[in-house]
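Participant: From first to last, the protein sequence lines are chains A and B. Taking my numbering, the leading residue of the first sequence gets 1, the next gets one more, and so forth. Taking my numbering, the leading residue of the second sequence gets 1, the next gets one more, and so forth.
Everything labelled a hint here was simulated from the structure, so no lab data went into it. You may find that some hints are simply not true.
[As the list claims (entries may be wrong)] Derived coverage of chain B by chain A (criterion: at least 3 residues anywhere in the stretch with Cβ under 8 Å from a Cβ of chain A; other residues may be distant):
| # | region |
| --- | --- |
| 1 | 36-49 |
| 2 | 52-63 |
[Stated by the list, open to error] Below, a list of computed lysine to any residue pairs in the SDA-like style, where the Cα atoms sit at most 20 Å apart:
| # | chain 1 | residue 1 | chain 2 | residue 2 |
| --- | --- | --- | --- | --- |
| 3 | B | K70 | B | R54 |
| 4 | A | K17 | A | S87 |
| 5 | B | K97 | A | V19 |
| 6 | B | K105 | A | V89 |
| 7 | B | K105 | B | A82 |
| 8 | B | K97 | A | S66 |
| 9 | B | K97 | A | K17 |
| 10 | A | K57 | B | K97 |
We put the CB at the ideal spot given by N, CA and C, even for glycine.
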Amino acid sequence: GAGVSQSPSNKVTEKGKDVELRCDPISGHTALYWYRQSLGQGLEFLIYFQGNSAPDKSGLPSDRFSAERTGGSVSTLTIQRTQQEDSAVYLCASSRPGQDEQYFGPGTRLTVT
Amino acid sequence: SQQGEEDPQALSIQEGENATMNCSYKTSINNLQWYRQNSGRGLVHLILIRSNEREKHSGRLRVTLDTSKKSSSLLITASRAADTASYFCTTQYNFNKFYFGSGTKLNVKP
């Protein structure tokens, strides 16, 4: 079956511009997660959705970051006024109800020039 | 930091040998998971061990958990070149918040 998909796969943007990253979770997966991975590093937890609700937004690095999820499915992560330190791979994952195993998408590589 | 941290940072072995990597964490956990990441397949879930379990097996993988020492180990037996990847542990606590370590880079030489 179809896995988690993310778009775009690569995004190059100029410093100061806004970007939107999209995640399509596996159908029926109620939980959705966003992570950020810098080159050669581990994953930094950003935010978690249960359905359309994000109970804890404290993982978002700054108020330039926001995320939403509509219809219990697609999620978008928006970064406003991008900075060079935002350059990273942004990973999305989803999981089945009651399950902790996460299925990851291929990621969006963001480069801020 | 509440992150799980893997040790060693890098490991190089010959095909057929066993590979052991460790993970330490700092707070109480609900469960601990191991994931593998390589350039071909991205991040893939390997195994989950709950806080009330001490050992779990899956194929060539064996995971142990010692909650008194706040540590876990992942053993890969009879390694193959295809096992070359980065291995991450992740701990869950505070309900659906996950923390990943910086990973162990395993290189299996044919």
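Participant: Now tell me if each hint is right for this structure.
Facilitator: Quick rundown of the hints versus the structure:
1. 36-49: holds (count 5)
2. 52-63: Coverage by chain A is violated here, the residue count being 0 at a Cβ distance below 8 Å.
3. B:K70 - B:R54: Status holds; Cα separation ~12 Å.
4. A:K17 - A:S87: It holds: about 13 Å lies between the C-alpha atoms, which stays within 20 Å.
5. B:K97 - A:V19: 25 Å, violated
6. B:K105 - A:V89: 18 Å, holds
7. B:K105 - B:A82: 13 Å, holds
8. B:K97 - A:S66: 17 Å, holds
9. B:K97 - A:K17: 29 Å, violated
10. A:K57 - B:K97: 11 Å, holds
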